[in-house]
Amino acid sequence: MENFTEILQLKINLAGIILSFNVKTIIMTWIVMVALILFALLARKKMGLVPNPFQIVAELLITAIYNLCIDTLEDERLGKKYFPLICALFMFLLLSNWLGVIPKLCEPTRDLNTPLGMGILGFVIAQYAGIKEKGLKQYIKDYLDPIFFMAPLNIIGEIAKVVSISFRLFGNIMGGAIIIIVVSYLVYGILLPPLLNLFFGLFVGTVQAFVFTMLTLVYIAVQVK
Amino acid sequence: MLDIQTLVGLSKDLSAGLCIGLGAIGAALGEGYTAGFANKAISQRPEKGGDIAKSMLVGQAMAESAAIFALVIAVLLLFMDVSSAHPLKAFALIGAGLSMGFGAFGSAVGGGYPAAEACLGISRQPTVTGELITNMLIGSAVCQTPAIFAMVISLILMFIGFENEPLNPTWAALIAAGLSTGLSSIGSGIGGGMPAGESCAGIARNPESAGQITTAMLVGQAVAQTPCIFGLLVSFILIFKEPSATNSIVPAIALLSAGICMGLGGIGPGIGNGYAAQGAVKWIARRVEASGTLTRIMLVGQAVSQSTAIYAMVVSLVLIFVL
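Chains as they are written, first to last, in our numbering: chain D, 1 to 225; chain A, 1001 to 1323.
Chain D on its own, in the form it takes in the complex (with noise of 0.2 Å):
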């Protein structure tokens, strides 16, 4: 039980930089990008009126995440430009949260790197999405806003935003997992862990990606407007 922090790592020595990879995380990571393809691709074969399972999955999801995407973007034009990125996060984050329940995987998510990388992702995406909508003068003159000295505590503020959205994944994944370890050694594995992987894994994993998405969205809206 001592060794829960513990992370496989993978040093790689080029010419004195020495790169570390997480292996059982970029493994996992793989494994959820495959199962999303396969999706993709099941939903897709035999389109057709009378809709396959998979297409019918499919559809629920998108349509439920178009609407969501044009009701908080209040935008036609903007909404679809942005759906195909926070669609796949979603389906990514959800996927990644729930791997946990089966036995010998893990959660990418619980890994800090992940959802650090997916919190800078939103961040640039943010940024960007202000410059291109409002153009670079208006930009500027927002991280002036009330007064010029308020700039530094703007830009720590917006920074902040990339700390929250990615510890508040990565606390409850590890948290969840952390809890499921220490009680599955206490009851000797029986009766509660099943019901708690369906609690952390499935529905706080559940919650946390909305969360996450649901951010990344409103980070942008804020900036376009």
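Heads up, a few of these hints could be off.
Listed next, the stretches of chain A that the computed footprint assigns to chain D, with coverage defined by at least 3 CB atoms under 8 Å from CB atoms of chain D [unchecked claim]:
| hint | segment |
| --- | --- |
| 1 | 1142-1150 |
| 2 | 1208-1220 |
| 3 | 1227-1237 |
| 4 | 1297-1309 |
Listed below are the simulated SDA-like cross-link pairs for lysine to any residue, each with C-alpha atoms no more than 25 Å apart in a straight line [claimed, not checked]:
| hint | chain 1 | residue 1 | chain 2 | residue 2 |
| --- | --- | --- | --- | --- |
| 5 | D | Lys132 | A | Ala1303 |
| 6 | D | Lys132 | A | Arg1296 |
| 7 | A | Lys1282 | D | Val222 |
| 8 | D | Lys24 | D | Gly117 |
Calculated from the model, a selection of chain A residues having no Cβ within reach of chain D, i.e. all distances over 12 Å [what the hints assert, rightly or not]:
| hint | residue |
| --- | --- |
| 9 | Ile1004 |
| 10 | Asp1013 |
| 11 | Ala1024 |
| 12 | Gln1044 |
| 13 | Lys1054 |
| 14 | Val1128 |
| 15 | Arg1205 |
| 16 | Glu1242 |
| 17 | Thr1246 |
| 18 | Asn1247 |
| 19 | Leu1256 |
If you're looking for bench data, these hints aren't it; they were derived computationally from the structure. Using N, Cα and C, we set each Cβ at its ideal position, and we do this for glycine too.
Chain D is already provided as a structure; the job is to place chain A on it using the hints.
Okay, now just chain A, sitting in the frame of chain D:
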């Protein structure tokens, strides 16, 4: 003079007492609040008494989970084997108890709000009982996040060995790590409960817009939890940064005050963000077509109210890395 083993043993008993003693306060408050509102709801619609009592019990069970986390930590502390422990373990265990004890308070009080409003909502609109209970469960599960963070810090402090670290500044870092997450969880837990409660009231008032109301609640709760995420970040830095050994008391006090600073600094912004989210959810339920604008104004308001938590975090980081 006490030997080290007795000292660590004393600290683990003290810590177990603090953990469940502090942790029991919030759950009792939250559950009592729920029961009070359930009585009001039953008096308004006595024929739905069974449904209301059932939802009261489910809601109280959710609110109690934070206290159960504290109980688990306290039991683990009581039965811990400390026969060959390092002296730093004494401070790590005190930190673990403080983190979980304070951390359970907010989430348990916050979990009482959605349970109470769900009971009232059932008496107001019995046809949407299912939606109300689902929304209450989602809301109070998200309320438990600060308590989960506090539990993670407690478990890390209990099970990681600190044998290779110098005694002097590290003892303060370990207590500070517990205080940082524990205290800052109080505000975020209560703040997360406010929009959850208001969303149950909103769904009872306007059941057709349940989807938008739940979405707004989740965004509001997530942002209300930001101060305790800053607390978690400061705790992680305090635990995993290896300070250099020194005889001076100054670095130790700097690390201790970094934890206290982030912990206390996170309480206000957490509750303040809860007020902002509560207002937004309340008015989205009344005017759902303006939900985009209302959500944006809520986020801007929360960002301003959160700036004080960011000041506290900046000062903590300066205390850790500069002094």
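Okay, the hints, checked on the actual structure:
no.	hint	result
1	1142-1150	holds (count 4)
2	1208-1220	holds (count 4)
3	1227-1237	holds (count 4)
4	1297-1309	holds (count 5)
5	Lys132/D x Ala1303/A	23 Å, holds
6	Lys132/D x Arg1296/A	19 Å, holds
7	Lys1282/A x Val222/D	21 Å, holds
8	Lys24/D x Gly117/D	16 Å, holds
9	Ile1004	20 Å, holds
10	Asp1013	19 Å, holds
11	Ala1024	19 Å, holds
12	Gln1044	31 Å, holds
13	Lys1054	19 Å, holds
14	Val1128	20 Å, holds
15	Arg1205	20 Å, holds
16	Glu1242	15 Å, holds
17	Thr1246	26 Å, holds
18	Asn1247	30 Å, holds
19	Leu1256	23 Å, holds
When held up to the earlier numbered hints, the structure conflicts with none and fits them all.
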